[in-house]
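These protein sequences, in sequence, are chains Y and R.
If you count by my numbering, then the first sequence holds residues 3 to 125, one letter each, in order.
If you count by my numbering, then the second sequence holds residues 3 to 125, one letter each, in order.
Bear in mind the hints are in silico, worked out from the structure with no lab data behind them.
Fair warning: this is a prediction, and the values are worked out from it, not measured in the lab.
Misleading hints may appear alongside valid ones.
To be verified - Have a look at the derived ranges for each label pair, beta carbon to beta carbon: (1) R:S103 / Y:P48: 34 to 42 Å; (2) R:D74 / Y:R81: 23 to 31 Å; (3) Y:T43 / R:L108: 47 to 55 Å; (4) Y:Q106 / R:A110: 21 to 29 Å; (5) R:A55 / Y:R65: 39 to 47 Å.
As the list claims (entries may be wrong) - Which residues of chain Y face chain R? A few of them, derived with a C-beta cut under 7 Å, are: (6) D17; (7) L23; (8) A30; (9) L35; (10) A36; (11) A90.
Here a beta-carbon is modelled for each residue, glycine too, at the ideal position from N, C-alpha and C.
Protein chains: 2
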Amino acid sequence: MQLTGYEHLPPQRLDATFAALADPTRRAILARLATGEASVTELAGPFAMSQPAISKHLKVLERAGLISRGIDAQRRPRRLETTPLAEANQWLEGYRKIWESNFQRLDAVLEELKTEKKPRGRK
Amino acid sequence: MQLTGYEHLPPQRLDATFAALADPTRRAILARLATGEASVTELAGPFAMSQPAISKHLKVLERAGLISRGIDAQRRPRRLETTPLAEANQWLEGYRKIWESNFQRLDAVLEELKTEKKPRGRK
C-alpha cells in the first residue's frame with residue numbers, strides 16, 4: 003500500500019507538532035484557545051499550575067507554531083494556529099485506508115459469525 | 003466552538019501515541035509496516051542504525067500500542083496496529099472546522115482582492 007500526501011512536510015515540523023500534542027495540559031490549552039484568544043493569566047486560570055509552568059507549555063506550543071500572539075501589546079493574548087494540526091491530520095490520513103480496512107475486516111468476521119449461528123433449513 | 007468526539011479517550015493513550023509519533027525514524031518504521039509485517043532485522047535494514055537502537059524505537063511504538071508481534075516465534079515479526087492512529091486522528095478532527103474556516107477566510111480575502119482589482123465600468 004502506498005501512503006501519499008504528507009511527503010512534502012519537513013519532518014522536524016511533524017516532530018515538533020506531535021511532541022507538543024503529547025501532553026494533556028497543552029492539549030487543554032489548545033482546546034481553550036479553540037474558543038477564542040486568551041491571555042496567559044486567563045489560560046492559567048483553570049489549571050492548578052503556576053504562571054511560569056503554564057508559560058513553559060506555551061513556549062513549547064509557540065515553538066511548534068500551534069499558537070501565536072495577538073496584537074494587544076498589554077494582554078499579549080495567545081491565539082490558536084491550526085496549520086500544524088491540519089498537517090498532522092494529513093499525515094495520519096495516510097493510514098486511514100488501513101484502519102478502515104481493519105475495521106471492515108472485523109465487521110466481516112462478525113457478520114460471518116452471525117450467519118453461522120442462523121439455523122439451516124432441513125430437507 | 004465546541005470540540006467533540008474525543009473526550010472518552012484516556013489522555014495517557016493520546017500522550018503515548020503523540021510522543022511515539024514525534025520521531026522521524028518511528029514514523030518511517032510505521033510507514034514500512036503499513037506495507038506488511040517485518041522482522042527487526044528487516045526493519046533495521048533501511049536505517050543507518052544498530053539493531054539495539056531500532057529495538058528501542060520499537061519498544062516505544064509497542065508501549066503506545068502502535069505495533070504488535072506476529073505469531074511466528076522465530077522471526078517475531080512486528081505488525082502495525084492502527085487503532086491509536088485512528089484515535090489521534092479523531093482528536094485532530096475536532097479542530098477540522100476551525101482550520102477549514104481559517105482557510106475559507108483566507109480564500110474570501112483573496113477573492114476580495116481580485117474583485118478590487120477588476121476595472122469598474124465608466125458612466
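(message) Check the structure against each numbered hint from earlier and tell me which ones fail, lowest number first.
(response) Hints 1, 2, 3, 4, 5, 8, 9 are the ones this structure does not satisfy, whereas the remaining hints hold.
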